[in-house]
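Participant: Please build the complete structure, drawing on both the sequences and the hints.
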Amino acid sequence: MSDEIWKLGVCETVASIREGKYTCYEIVQSAIDRLHAVNPGLNAVTVDLSKDALEQAVEIDPKFADAWRSLAEQYSVAGFEEKSQRAYDSHLSATARHPEIIEAANFLFKGKLNKAEELTRKVLKEHPTDVTAIRILADIGIKVGHLEDAQNLLERCLELAPKFHLARHNYVIALFRRQKIAAALSELEMLLKIEPENPNYLVLKGTILVRKGDHEAALEIYERILKDYPDQANAQMNYGHTLKSVGRIEEAVDAYRKSIELRPTTGEAYWSLANLKTYRFSDQDLAAMLAQVTAEGEGAAEDQSHLAFALGKAYEDRREFDLSFKYYNRGNNIRSINHRYDPKRNIYDSARQIQALSTDFFAQHQNSGHDAPDPIFIVGLPRAGSTLLEQILSSHSQVEGTAELTDIIGISRQLGGKERKTGVSKYPEILKELTPEQFRELGESYIKTTQIQRSGTPFFIDKMPNNFLHIGLINLILPNAKIIDARRHPMAGCFAGFKQLFAQGQTFTYGLEKIGLYYRDYVKVMDHWDAVLPGFVHRVHYEDMIADTEVEVRKLLDFCGLEFEESCLRFYETERAIRTPSAEQVRQPIYKEGLQQWRNYEAHLAPLKNALGPILDRYPVD
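Each step along the sequence shown adds one to the number in my numbering, with nothing skipped, and position 311 is 340.
Only true hints are included.
Taking lysine-lysine and the DSBU-like style, the derived pairs with C-alpha atoms no more than 35 angstroms apart in a straight line are:
hint, residue 1, residue 2
1, K139, K192
2, K355, K553
3, K241, K222
4, K139, K256
5, K553, K584
6, K144, K192
7, K477, K209
8, K209, K256
9, K192, K209
10, K584, K621
11, K141, K355
12, K306, K139
13, K477, K192
14, K355, K621
15, K306, K355
16, K553, K209
17, K92, K192
18, K621, K638
19, K477, K222
20, K144, K209
21, K139, K355
22, K112, K209
23, K154, K112
24, K141, K112
25, K172, K455
26, K192, K154
27, K144, K455
28, K112, K241
It is worth saying that the hints were derived from the structure and are not from the lab.
Facilitator: Set out below in structure tokens:
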């Protein structure tokens, strides 16, 4: 193609946009179509050439906002995240009415969420309908786990600007994180109708399909994206996550390593390798990770926290425990800056459950709720053996595992609302005001909303550990459900949580004192349920399961009303997708190595011991 033809094409595109003939994505597509006309052999890799067209377009007109937006998208597709952010900043410079918004977007990109939030709220105080500010505040909410608030903000944003595609993309993410799978897919299809080949939308669709349990469809999407966009680092990483879930570990490792090659600063890919639990970093890997570590407070917070946890695991495998603790602690410190947690709130919530829900109250409501026996809830602290219990039960012909479902927590929030005068949730006290019919309807609603996660077995597992706080609610709406408390030695369980980077939630794990206090509250609440609902909860101590597996498995199945099946002892042979950190460990026979790992770090764990206090004396296993 001659330079004259190319420049003519750029000028035509610029003119067409100014006349309103094309959407942002069509700028790129028109450039690709023009190239196909000259050379039909070109494929989607011509995105590089469309970037050239857009770069020339913004050179011609630096205030050409739509071209900057499309250029940001194309840089993102190609894996140039920093260039993408700079192009997006230029888009904001051309469109944003307030300079604070540009600064807030920069802080958001760098992971400095508190500063981004402060600036965004400042703008919204004076300009409450600024849709860019609303979207940025919602994005912050998604990142720190305030998902309901983020969803509400984005719904308002889309009311004001229905064609704000970036806001709708964020809205899909918020719905997905809240496990509103059908709604998320519906909103995403609206975006895909406009841009059917947008790889960022397709990556998100693959992620949602994985959560839905359709791993084969997700793999097809990722393979299609990577065929057309082989330099898409994010697609490579998500491809790796899906391969890991279905047990194709060697291929997952290859995908993670390709993601690192494409974007060496990507901390998540390094952590994904570490989180396999079976992968060992080489000296070269270690040097590469250390080269990406920045000074405290510098660099993208997400990348730096992922890198720190990966380095913690790398040094742990090398038995360099002081260095390992240094990096685990660094990772937790970085996470705790943006993911705030107040132990006093959990103490308060626990006390309210204990005070509001008494033995007499449950005696008065024995005939309430929906009589479905389908759900088996596994509760407790994360990293306490819940994935092992899920794998054992899911190996039974009558049971299937699903995920850590948020439906019970959603019901508690729905019931809670806010008191007008105080702003305090009305839950759990509001349970005293509900009728048996209302309890039944809530139970039916839970069974209905979780149906999308199931494939047809009589029983299914909800493995949300935080549901331990809501056992009273579960008893009232689903009295025939089964509750299993997965418990582990306090030091072992708490430290395992401390050195685990969770994708979302579990913010109490980002500090030794915090997790110790949380464990104390958990035990206190479980003691209450044992007292007011005797026999409703079956407790499995992880150490007992390791020491005498068959006896504990038989007890577990008996509690669930299930006949013994030999497959439950050969749980490691069960082929099913597993999305939790213990995925590879439960694909092996009983994993004993983790029982005493915490002792290697004992010199650093005084804050945890002090926080646990007398709880340590209660545990039957030292």
